[in-house]
Amino acid sequence: MEKHVVVIYPHPDDESFGAAGTIAKFREQGVPVTYLCGTLGEMGRNMGSPTFANRESLPEIRKKELIDACRVLDMDLHMLGYRDKTIEFEDRQQVANHLKGFIEDIEPSLVITHYPEHAIHPDHNALGAAAVEAVRLMDPTKRPTVWAQAITNTHYEDLGKPDVINDVKGIFDKKMEAILAHKSQASGMLKTFNQDGNISEDLKEEAKKRLGKERFYIWKYE
Amino acid sequence: MKPIEIDKVQEMLESFMNKEVYVHLETTNGAYASHFNDKAYNVGVYIRNTTVSFSQAKIVGDGNSYRAGLKMEKGWIYAEGLTDWEIYEDTKLLLAGHDREGRLMVALQISETPFSY
Chain X
6 MEKHVVVIYP HPDDESFGAA GTIAKFREQG VPVTYLCGTL GEMGRNMGSP TFANRESLPE
66 IRKKELIDAC RVLDMDLHML GYRDKTIEFE DRQQVANHLK GFIEDIEPSL VITHYPEHAI
126 HPDHNALGAA AVEAVRLMDP TKRPTVWAQA ITNTHYEDLG KPDVINDVKG IFDKKMEAIL
186 AHKSQASGML KTFNQDGNIS EDLKEEAKKR LGKERFYIWK YE
Chain D
189 MKPIEIDKVQ EMLESFMNKE VYVHLETTNG AYASHFNDKA YNVGVYIRNT TVSFSQAKIV
249 GDGNSYRAGL KMEKGWIYAE GLTDWEIYED TKLLLAGHDR EGRLMVALQI SETPFSY
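Residue numbers (this note's numbering), protein chains in the order written: chain X, 6 to 227; chain D, 189 to 305.
One should not assume that every hint holds.
Claimed, not checked - Dumping the calculated DSS-like pairs for lysine-lysine here, alpha-carbon to alpha-carbon at most 27 angstroms:
hint, chain 1, residue 1, chain 2, residue 2
1, D, K262, D, K207
2, D, K280, X, K69
3, X, K68, D, K207
4, D, K190, X, K69
Hints in this document: simulated from the structure, not taken from any laboratory.
Taking the hints into account, I'd like the entire structure generated from these sequences.
If you want it as structure tokens, here you go:
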């Protein structure tokens, strides 16, 4: 059993779309989970449907949604204070050291992050690379395991079969609840979803098909 | 935000003329454009909290979609595809263009004080 799991992603909602089922399973086992969330998704395009956010109000709205989603998943949250779309332009070593500070404090047995260069969004790739580097900088005997998530269309061809494939359909209601906590973003990602927060059974089935398995590669350090 | 009311926006633009103002200018089609459609390209640009001064300002359009142009001493600021507006925190003019799904495609924002960063 894991001792403590640290999840490192750049945007509010990455944790819900990408790993909510895995997180919920760890919490069911009583494993503490901490989310280090890189940005507030300040530059997101989705403003709700119909729109209720604007470029200036979006960060505060997404911050609240993030806190709600973490409450749904019952995990601790630290917001790292970077700005959406800019992580790749920060000093990589500085970001890695920032993350290393948290990891050394929390002493997790497992870190979950994006797979560098296989995670589409430049923030995903950059924060994933910094997380991998943060763990590399640690004393090899104290390193947690790293699960890296690739989300490109070609990751099976490029990287082979993921080492960890978590079927989370059994707790998909929880995952859906976490996703829907991100009201300003969920509708855009899930296409249709009505105002009162209910979603049609069809859509939920489709979401379950697409998001019902969470896949990770175990990072191999030399 | 609400659909652009051209007279009110024009009046607001003129209130910023010949002052040092902060501008946020942006366009994007999202970081996933070429992920969801392999024939699409990802493009985006933003500049935030640059200070400028303009001597002429105009919003022009057909009732659905608008263009705005700000004439500076040594150049222009231009935005196309604007559909909605809002006065934010009483003083900041926000103009944006949204697609059918309500996603932001373009934004032009002007304020006498910096936008949060």
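Notebook entry, point to check: Is it true that the CA of D:K190 sits at most 27 angstroms from the CA of X:K69?
Noted result: Cα-Cα ~23 angstroms, so holds.
Next item on the list: Below or equal to 27 angstroms on CA atoms is what counts here, so check X:K68 against D:K207.
Entry: At roughly 33 angstroms apart (the allowed maximum being 27 angstroms), D:K207 and X:K68 break the hint.
Item checked: Distance restraint between D:K280 and X:K69, which requires alpha-carbon spacing of 27 angstroms or less -> Since the Cα atoms of D:K280 and X:K69 sit roughly 23 angstroms apart, the hinted pair holds (cutoff 27 angstroms).
Notebook entry, point to check: D:K262 and D:K207: Cα distance at most 27 angstroms?
Noted result: Since the Cα atoms of D:K262 and D:K207 sit roughly 15 angstroms apart, the hinted pair holds (cutoff 27 angstroms).
The structure is inconsistent with hint 3 alone, although it conforms to all the rest.
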